[in-house]
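Chemist: If you want the building blocks of each chain, they are given just below.
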Amino acid sequence: MNALKATDLCKTYIVNKRQNHVLRNVNLEIEEGEMVGVMGPSGSGKTTLLYTVSGMDTATAGEILFFGKKMTQLSANQVSDMRLSKMGFVFQQMYMLKNLSIYDNIILPAYQSASGKAQRREINERAKVLMAKLGISEVADNDISEVSGGQLQRACIARSMINNPKIIFADEPTGALNKQNSKEVMKELNKLNEEGTTIMMVTHDAKVASRCERVFYIEDGNIREEKNLGKYTDDTARERERELNNWLMGLGW
Amino acid sequence: MWLQILKKDLMKQKTVNIILFLFITLSTIFLASSVNNICLVMNGLETYMEYANVSDVTAVFGGEDDKEAFERWLDSHGEVTEYEGEQLCEIAPDDISTGDDEEAGSFEANGASLYLGAVGSRYAKPLDSDGNDLVLESGEVAVSPGLMARNGLHVGDELRFRVSDRVYTYRIAVQTRDIMFGNEMSGMGRFVFCKEDYDKMVSDCGNVKILVYGINTADSEKVLTSVSQQGFTLLVNIYERSIYPMLYVFDMIVAGLLIVIGLCLILISLMVLRFSLSFTMEENYREIGVMKAIGMRNFSIRRIYLVKYFVIVAAGAFVGFWLSIPVAGGMTDSVCNNMVLGNSADALGINAACSLAVVAFVTAMCVAFTRKMKKVSAIEAIRSGGSGERYQKRRGLCLYRRRYMGTISFLGFNDILCNMKRYLVLFLTFCISFVLITVPLNTLTTMESDEMASKFSLDPDAAVYMDTIEAAGEAPYHNTVDMENALRRIERELSEQGYEASLSIGALCFAVYTVNDEGKVIKPLTYYPIGENGGYCEYSAGEAPRLENEVAFSKKIMDENHLEIGDTVAIRLNGRDQKLIITGYYSDYMQLGESARLNPVIDMGGEIMTGYWKATVDMETNLSQQEMADLMREKFPQYKWVTAQEAVDANIGTTKDVMRTMQLPMTVMLCLLIMLISLLMMKLFIVREKGQLAMLGSIGWRRQAIRMWLVMRMVWVILLSMAVAVPLSMLCNQFVLKNIFAIMGAELTIQVEPLKAYLLYPGILLAGIMAATYFATGSVRKITTSDMKIAE
Numbered sequence: 001m002n003a004l005k006a007t008d009l010c011k012t013y014i015v016n017k018r019q020n021h022v023l024r025n026v027n028l029e030i031e032e033g034e035m036v037g038v039m040g041p042s043g044s045g046k047t048t049l050l051y052t053v054s055g056m057d058t059a060t061a062g063e064i065l066f067f068g069k070k071m072t073q074l075s076a077n078q079v080s081d082m083r084l085s086k087m088g089f090v091f092q093q094m095y096m097l098k099n100l101s102i103y104d105n106i107i108l109p110a111y112q113s114a115s116g117k118a119q120r121r122e123i124n125e126r127a128k129v130l131m132a133k134l135g136i137s138e139v140a141d142n143d144i145s146e147v148s149g150g151q152l153q154r155a156c157i158a159r160s161m162i163n164n165p166k167i168i169f170a171d172e173p174t175g176a177l178n179k180q181n182s183k184e185v186m187k188e189l190n191k192l193n194e195e196g197t198t199i200m201m202v203t204h205d206a207k208v209a210s211r212c213e214r215v216f217y218i219e220d221g222n223i224r225e226e227k228n229l230g231k232y233t234d235d236t237a238r239e240r241e242r243e244l245n246n247w248l249m250g251l252g253w
Numbered sequence: 001m002w003l004q005i006l007k008k009d010l011m012k013q014k015t016v017n018i019i020l021f022l023f024i025t026l027s028t029i030f031l032a033s034s035v036n037n038i039c040l041v042m043n044g045l046e047t048y049m050e051y052a053n054v055s056d057v058t059a060v061f062g063g064e065d066d067k068e069a070f071e072r073w074l075d076s077h078g079e080v081t082e083y084e085g086e087q088l089c090e091i092a093p094d095d096i097s098t099g100d101d102e103e104a105g106s107f108e109a110n111g112a113s114l115y116l117g118a119v120g121s122r123y124a125k126p127l128d129s130d131g132n133d134l135v136l137e138s139g140e141v142a143v144s145p146g147l148m149a150r151n152g153l154h155v156g157d158e159l160r161f162r163v164s165d166r167v168y169t170y171r172i173a174v175q176t177r178d179i180m181f182g183n184e185m186s187g188m189g190r191f192v193f194c195k196e197d198y199d200k201m202v203s204d205c206g207n208v209k210i211l212v213y214g215i216n217t218a219d220s221e222k223v224l225t226s227v228s229q230q231g232f233t234l235l236v237n238i239y240e241r242s243i244y245p246m247l248y249v250f251d252m253i254v255a256g257l258l259i260v261i262g263l264c265l266i267l268i269s270l271m272v273l274r275f276s277l278s279f280t281m282e283e284n285y286r287e288i289g290v291m292k293a294i295g296m297r298n299f300s301i302r303r304i305y306l307v308k309y310f311v312i313v314a315a316g317a318f319v320g321f322w323l324s325i326p327v328a329g330g331m332t333d334s335v336c337n338n339m340v341l342g343n344s345a346d347a348l349g350i351n352a353a354c355s356l357a358v359v360a361f362v363t364a365m366c367v368a369f370t371r372k373m374k375k376v377s378a379i380e381a382i383r384s385g386g387s388g389e390r391y392q393k394r395r396g397l398c399l400y401r402r403r404y405m406g407t408i409s410f411l412g413f414n415d416i417l418c419n420m421k422r423y424l425v426l427f428l429t430f431c432i433s434f435v436l437i438t439v440p441l442n443t444l445t446t447m448e449s450d451e452m453a454s455k456f457s458l459d460p461d462a463a464v465y466m467d468t469i470e471a472a473g474e475a476p477y478h479n480t481v482d483m484e485n486a487l488r489r490i491e492r493e494l495s496e497q498g499y500e501a502s503l504s505i506g507a508l509c510f511a512v513y514t515v516n517d518e519g520k521v522i523k524p525l526t527y528y529p530i531g532e533n534g535g536y537c538e539y540s541a542g543e544a545p546r547l548e549n550e551v552a553f554s555k556k557i558m559d560e561n562h563l564e565i566g567d568t569v570a571i572r573l574n575g576r577d578q579k580l581i582i583t584g585y586y587s588d589y590m591q592l593g594e595s596a597r598l599n600p601v602i603d604m605g606g607e608i609m610t611g612y613w614k615a616t617v618d619m620e621t622n623l624s625q626q627e628m629a630d631l632m633r634e635k636f637p638q639y640k641w642v643t644a645q646e647a648v649d650a651n652i653g654t655t656k657d658v659m660r661t662m663q664l665p666m667t668v669m670l671c672l673l674i675m676l677i678s679l680l681m682m683k684l685f686i687v688r689e690k691g692q693l694a695m696l697g698s699i700g701w702r703r704q705a706i707r708m709w710l711v712m713r714m715v716w717v718i719l720l721s722m723a724v725a726v727p728l729s730m731l732c733n734q735f736v737l738k739n740i741f742a743i744m745g746a747e748l749t750i751q752v753e754p755l756k757a758y759l760l761y762p763g764i765l766l767a768g769i770m771a772a773t774y775f776a777t778g779s780v781r782k783i784t785t786s787d788m789k790i791a792e
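In order, the protein sequences belong to chains A and B. 1 is the number of the first residue of the first sequence in the working numbering; add one for each residue after it. 1 is the number of the first residue of the second sequence in the working numbering; add one for each residue after it.
No lab work stands behind these hints: they were computed from the structure. Possibly wrong hints are sitting among the right ones.
Unchecked claim - Just a few of them, taken from the derived set where beta-carbon distance is under 7 angstroms, the chain A residues facing chain B:
{"#": "1", "residue": "Q112"}
{"#": "2", "residue": "V147"}
{"#": "3", "residue": "W247"}
{"#": "4", "residue": "L251"}
{"#": "5", "residue": "W253"}
What the hints assert, rightly or not - Below are the DSS-like pairs computed for lysine-lysine, each with C-alpha atoms no more than 30 angstroms apart in a straight line:
{"#": "6", "chain 1": "A", "residue 1": "K17", "chain 2": "B", "residue 2": "K683"}
{"#": "7", "chain 1": "B", "residue 1": "K8", "chain 2": "B", "residue 2": "K520"}
{"#": "8", "chain 1": "A", "residue 1": "K86", "chain 2": "A", "residue 2": "K191"}
{"#": "9", "chain 1": "B", "residue 1": "K683", "chain 2": "A", "residue 2": "K98"}
{"#": "10", "chain 1": "B", "residue 1": "K195", "chain 2": "B", "residue 2": "K67"}
{"#": "11", "chain 1": "A", "residue 1": "K17", "chain 2": "B", "residue 2": "K8"}
{"#": "12", "chain 1": "A", "residue 1": "K187", "chain 2": "A", "residue 2": "K207"}
{"#": "13", "chain 1": "B", "residue 1": "K782", "chain 2": "B", "residue 2": "K756"}
{"#": "14", "chain 1": "A", "residue 1": "K98", "chain 2": "B", "residue 2": "K195"}
{"#": "15", "chain 1": "A", "residue 1": "K98", "chain 2": "B", "residue 2": "K375"}
{"#": "16", "chain 1": "A", "residue 1": "K128", "chain 2": "A", "residue 2": "K70"}
{"#": "17", "chain 1": "A", "residue 1": "K133", "chain 2": "A", "residue 2": "K117"}
{"#": "18", "chain 1": "B", "residue 1": "K374", "chain 2": "A", "residue 2": "K98"}
{"#": "19", "chain 1": "A", "residue 1": "K207", "chain 2": "A", "residue 2": "K166"}
{"#": "20", "chain 1": "B", "residue 1": "K67", "chain 2": "A", "residue 2": "K98"}
{"#": "21", "chain 1": "A", "residue 1": "K128", "chain 2": "A", "residue 2": "K98"}
{"#": "22", "chain 1": "A", "residue 1": "K17", "chain 2": "B", "residue 2": "K7"}
{"#": "23", "chain 1": "B", "residue 1": "K200", "chain 2": "B", "residue 2": "K67"}
{"#": "24", "chain 1": "B", "residue 1": "K67", "chain 2": "B", "residue 2": "K7"}
{"#": "25", "chain 1": "B", "residue 1": "K556", "chain 2": "A", "residue 2": "K98"}
{"#": "26", "chain 1": "B", "residue 1": "K782", "chain 2": "A", "residue 2": "K69"}
{"#": "27", "chain 1": "A", "residue 1": "K98", "chain 2": "B", "residue 2": "K14"}
{"#": "28", "chain 1": "A", "residue 1": "K17", "chain 2": "B", "residue 2": "K67"}
{"#": "29", "chain 1": "A", "residue 1": "K70", "chain 2": "B", "residue 2": "K782"}
{"#": "30", "chain 1": "A", "residue 1": "K166", "chain 2": "B", "residue 2": "K782"}
{"#": "31", "chain 1": "A", "residue 1": "K191", "chain 2": "A", "residue 2": "K207"}
{"#": "32", "chain 1": "A", "residue 1": "K5", "chain 2": "B", "residue 2": "K7"}
{"#": "33", "chain 1": "A", "residue 1": "K17", "chain 2": "B", "residue 2": "K520"}
Ideal placement from N, C-alpha and C gives every residue a C-beta, glycine not left out.
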């Protein structure tokens with residue numbers, strides 16, 4: 001089943017009375033359980049594509065189906081509810097509420113949609129499991145200013161996972177991290193994907209993108225080509241990276 | 001280049017700059033108008049007395065028989081430097097009718113003695129509203145604001161006066177500012193005519209003519225004492241210049257309240273100004289860092305911000321200056337109604353000085369702030385003041401530990417705990433506003449209480465009161481025999497209609513007492529009870545005087561003269577001294593707490609009484625005083641029937657009306673002010689927290705939920721402020737209001753209607769703040785994911 005399907009997706013910004021077509025008739029399909037990457041030069045429309053298909057931004061034209069449901073026909077509140085309960089988001093900058101601890105930031109989306117003590121207890125259990133899995137249990141009560149970038153990004157991944165989303169949208173999740181932290185974060189995302197979570201990720205980094213099953217190359221608001229790399233395994237990491245780099249070079253990357 | 005940066009900065013940070021501009025404008029308006037108001041009111045009475053040329057001593061004679069003897073005595077007294085007497089002619093309210101009403105007796109004097117007078121007085125001059133001497137043409141009359149308001153009169157209306165069976169019609173030309181007769185507290189009212197008209201009316205009329213002497217002297221005390229010892233039988237009253245402010249004590253309640261309001265507004269405006277300035281400057285921290293990083297010199301960076309803020313503050317102060325002029329005028333109008341409060345050129349100067357003070361204050365703060373920027377490194381500035389290594393521990397709570405708190409409520413509360421300094425200004429503003437709103441409310445509740453009535457010697461349990469007891473066409477009574485006969489006559493008239501009532505009254509005079517062995521003489525208002533309940537009074541100690549040689553004094557007189565119960569004083573009655581024993585003391589508002597109460601059996605038949613206090617009507621009835629007064633007005637329209645509350649209202653003049661009129665605009669003004677402050681503050685917070693708000697939106701929070709979060713912060717601030725404001729308001733009652741009421745001569749328990757004071761009115765403010773906050777959060781709708789880049 002398609003987790004996400006975009007048909008003839010257009011996005012136009014009007015700046016100073018001039019139209020700027022950022023997405024031009026984009027068509028893409030992402031299967032449930034797939035992990036796809038979106039690459040392309042700066043200003044090609046990668047982030048806009050991610051924000052538009054996730055409902056964070058509205059499309060100027062075209063259709064988006066999220067697990068068969070037409071997102072373009074939903075109200076703003078319905079889209080918000082869908083993002084809260086069925087989608088997870090990881091951003092390049094680790095945006096969190098600075099007045100809350102790491103733990104509270106993680107459980108915040110779930111508490112917002114929860115009602116009753118029993119549900120809250122369940123959320124707390126789930127948060128603890130997630131934090132243990134991502135290796136950040138020891139910083140649970142820390143302020144967001146007291147942890148490293150890698151820990152913070154893992155906390156963001158934990159927050160994106162707290163509502164058991166069907167899909168995670170990641171916008172340059174390793175963009176602000178060093179090599180070691182990038183590796184850790186990508187390992188966690190691969191693990192989540194193996195457990196069945198669909199992931200759509202925007203990245204500039206070929207090494208990061210090589211961990212995806214498929215990679216879209218976007219240029220001037222259009223998907224120019226896509227590369228199928230197959231399921232990721234640690235053994236094939238180097239080969240995949242080389243294969244992706246060659247493909248990208250062929251596209252003028 | 002820096003001009004380019006400045007221009008871009010002004011445009012780019014439009015919202016923040018506009019908010020700062022508005023705050024500066026607002027602060028200037030309130031600072032200028034409040035300081036103006038305080039200066040005018042503080043000096044108001046002194047200015048008024050100077051304008052009116054109030055003499056050191058004023059003597060009032062109830063007739064002209066003592067004129068020659070008194071003037072001879074004045075000429076011979078070494079301490080008297082100059083004097084002048086003025087004749088006034090008494091007129092009954094029944095002899096005055098308003099223009100539309102041909103029927104006599106349509107004039108409402110509210111129990112005051114009315115007099116006709118002429119322009120040209122030397123002392124205690126009646127003035128026009130600008131403080132100039134009255135100039136009247138033939139056919140014109142000048143009337144005080146209190147009498148005009150009570151009778152719904154306006155300049156241009158006609159008044160008819162019946163003197164010696166002839167009716168004279170005059171057009172009201174001026175509303176006077178009459179320091180002696182213009183205030184209802186004085187119990188007198190004056191109509192002023194040109195000399196020719198006055199002479200024409202009163203020259204051969206049979207009405208009582210009183211004489212008012214203005215006396216300037218080097219030693220008022222000496223003159224007062226020696227006059228009292230002379231035995232001028234028609235001398236009704238003699239008092240010093242210092243008594244005049246007491247006549248305006250109720251007006252000073254309003255003025256005092258305006259001062260309190262002014263001080264609060266100044267406090268609020270300075271707090272808000274300081275906060276918004278530091279908040280917007282912090283906003284620029286990162287940019288300062290970037291400029292430092294690219295090598296701009298400290299001076300160049302400082303110049304950009306100094307010029308920018310100077311431009312904003314100068315523009316804001318300029319607009320504020322012009323707007324403060326009508327605001328200041330509106331604030332003082334309520335007091336100006338009864339007084340002359342100085343000239344408007346001074347007011348303009350004060351406004352200008354305050355506007356310049358705001359410019360100086362903001363510029364000084366900018367200089368101080370930009371000086372700090374020299375000390376921080378580029379990277380510290382980019383990190384908004386942090387070094388990247390040292391972090392301050394968060395003061396917040398843990399969401400997962402709050403089991404019974406909704407997420408939104410928690411976030412709101414947690415934000416306040418984490419940023420206490422940021423919300424402190426709002427907290428204090430709300431606190432002050434809540435307290436401020438309870439002050440006039442509690443003042444009004446107290447003025448309408450039974451305790452207030454009893455402080456005016458009015459029994460709240462009486463069936464009803466009578467304002468006047470004279471029969472139609474009768475002149476005002478000035479002796480106790482007439483008064484006693486009138487009471488019996490009215491009892492008979494009531495009985496004939498089936499109302500078995502007992503009437504009593506307190507006849508008033510200014511009796512002379514010698515209170516110690518050194519011969520110290522006092523002349524307090526003396527209350528002589530006639531009838532069963534004529535001596536109604538709540539005694540603080542001892543008991544009411546009953547026997548012929550007994551008297552009671554007010555606590556103020558007892559304290560001032562070091563008297564105690566059981567002490568003996570002497571009263572001069574019918575030309576001879578008589579010993580009296582003090583049996584008790586009390587505390588009331590009669591003659592501002594300085595009065596005496598005689599026993600009911602002493603012979604006062606030969607004394608001239610200045611008048612009488614309201615007649616108490618006691619009878620068996622289930623009707624309330626108001627219902628009874630309405631019924632009596634219908635059955636016996638020839639008399640004026642009042643309730644105890646109406647009698648109190650009449651005595652405290654227009655103060656209560658002014659306060660009641662002020663209450664709604666003040667609530668609305670306060671509400672609008674704090675709504676505006678909340679709105680602007682919330683806008684500032686949103687600008688600052690755009691990144692966080694965008695993040696919450698992107699992870700699926702509904703916009704409504706985000707708005708509720710922001711509103712919830714304000715709700716918490718309001719609730720906390722209310723919790724603190726309630727005890728603060730009680731302290732204010734105890735230490736401010738109680739003292740204001742004590743100026744009138746007696747202590748009073750400040751009455752509070754808890755539902756109104758602590759629920760309804762704060763509820764109005766709460767609703768206003770919430771509405772403003774909700775409106776301000778409307779901009780959340782415009783926040784998009786791209787705003788996430790603007791992280792705090």
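Chemist: Evaluate each hint against the coordinates.
Modeler: For each hint, the structure was consulted:
| no. | hint | in the structure |
| --- | --- | --- |
| 1 | Q112 | holds, 5 angstroms |
| 2 | V147 | violated, 11 angstroms |
| 3 | W247 | violated, 30 angstroms |
| 4 | L251 | violated, 27 angstroms |
| 5 | W253 | violated, 25 angstroms |
| 6 | K17/A / K683/B | holds, 27 angstroms |
| 7 | K8/B / K520/B | violated, 80 angstroms |
| 8 | K86/A / K191/A | holds, 18 angstroms |
| 9 | K683/B / K98/A | holds, 19 angstroms |
| 10 | K195/B / K67/B | holds, 20 angstroms |
| 11 | K17/A / K8/B | holds, 20 angstroms |
| 12 | K187/A / K207/A | holds, 12 angstroms |
| 13 | K782/B / K756/B | violated, 39 angstroms |
| 14 | K98/A / K195/B | violated, 81 angstroms |
| 15 | K98/A / K375/B | holds, 26 angstroms |
| 16 | K128/A / K70/A | violated, 34 angstroms |
| 17 | K133/A / K117/A | holds, 24 angstroms |
| 18 | K374/B / K98/A | holds, 28 angstroms |
| 19 | K207/A / K166/A | holds, 25 angstroms |
| 20 | K67/B / K98/A | violated, 87 angstroms |
| 21 | K128/A / K98/A | holds, 20 angstroms |
| 22 | K17/A / K7/B | holds, 22 angstroms |
| 23 | K200/B / K67/B | holds, 22 angstroms |
| 24 | K67/B / K7/B | violated, 81 angstroms |
| 25 | K556/B / K98/A | violated, 63 angstroms |
| 26 | K782/B / K69/A | holds, 26 angstroms |
| 27 | K98/A / K14/B | holds, 26 angstroms |
| 28 | K17/A / K67/B | violated, 93 angstroms |
| 29 | K70/A / K782/B | holds, 24 angstroms |
| 30 | K166/A / K782/B | holds, 28 angstroms |
| 31 | K191/A / K207/A | holds, 17 angstroms |
| 32 | K5/A / K7/B | violated, 46 angstroms |
| 33 | K17/A / K520/B | violated, 92 angstroms |
In this structure, the earlier hints numbered 2, 3, 4, 5, 7, 13, 14, 16, 20, 24, 25, 28, 32 and 33 are contradicted, and the remaining ones agree with it.
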